[in-house]
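K.L.:
Sequence:
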Amino acid sequence: NIASEMTCLLLLSIADVGALRTPLSASRRAVLAGALALPASSRRAVADDSSDIEVYFGCGCFWHVQHEFVMAEKKLLGRSDLQITSRAGYAGGSGMQDGKVCYHNAAQISDYGSLGHAEVVRLRIPPTSFRAFAEEYVKLFDKDGNRPDQLGDRGLEYRNVVGIPGGGGSPLAKELVDASRENGDKLDFAKGKGGDPDARAVAFVMDTNSHPFYLGELYHQFHDGFAWGEDYPGEYNGITKKLVKSNMLADAGCPNGMLGVGIAGL
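Just so we're aligned, residue 1015 is where the sequence shown starts under this note's numbering, counting upward by one.
Hints are all accurate, no fakes.
For each label pair, taking beta carbons as the anchor points, the in silico distance ranges come out as: (1) V1258 / R1195: 32 to 42 Å; (2) E1068 / G1169: 22 to 32 Å; (3) N1261 / P1179: 21 to 31 Å; (4) G1248 / D1192: 36 to 46 Å.
List of simulated lysine to any residue pairs, SDA-like, C-alpha gap at most 25 Å: (5) K1153 / Q1164; (6) K1259 / L1091; (7) K1255 / A1241; (8) K1200 / A1213; (9) K1255 / D1238; (10) K1114 / I1067; (11) K1188 / E1068; (12) K1089 / D1192; (13) K1088 / Y1246; (14) K1188 / K1207; (15) K1153 / E1196; (16) K1255 / D1095; (17) K1153 / P1247; (18) K1200 / G1180; (19) K1188 / E1082; (20) K1256 / S1094.
Worth flagging that the hints you see were computed from the coordinates, not collected in a lab.
All figures in this text were calculated on a predicted structure; none of them were measured in a lab.
Note that CB positions come from ideal geometry on N, CA and C, so glycine has one too.
Construct all of the structure, not just a fragment, from the sequences and the given hints.
P.N.:
Laid out in structure tokens, this is it:
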């Protein structure tokens, strides 16, 4: 019955990464345990909230991921360029250094990798649309749970992460797992602790309250993808200038990159 199932779920602990690829597994159930234990009134309150929530998704290089979520915002919410909330940046680590989080740079100032952050894309969306965006996220993975650049970019900076208010204790966690189950059952989920490792077919669920999003540099926004053929239209790349001109996007105050030229991450 429901009561005994909830008791069982609550007894489960978050699995170690090495044990995450188990049948539907303790890892998924553990992430859901907190959400399932919430009073029904609390679950409804989140679902009925009409104000936008801040969430983020990460799986490899954020250039491709941002493009996919920009397209999703337009398709699912009918947003214009100036209404787009998808932003490339960093999350999942141990906060800021000197008041900022930066891409790899020659001066090693506030390096996001050293701080344990992953590359992510942040959105502000109605909570009722989260399920649809979660489906867009899981569709980024192939049938074996590999992300698009699984054989390229590696390391904790490129790990799979999903940030939601309340983390694994949120009812949105159940929607995330359900979205995965109904789209090929490609991923396992674990509670993110911060600075988590890069593990294939595993997504770490973060609480955006304790692991917030940090905006990335201007030159990373609305960038062409890294893979062959991901040269996006000029109108997509031009969203950056539109948002800057409208005072809706600003420089984060970081060095340009490893070579200080601000091109292709250099």
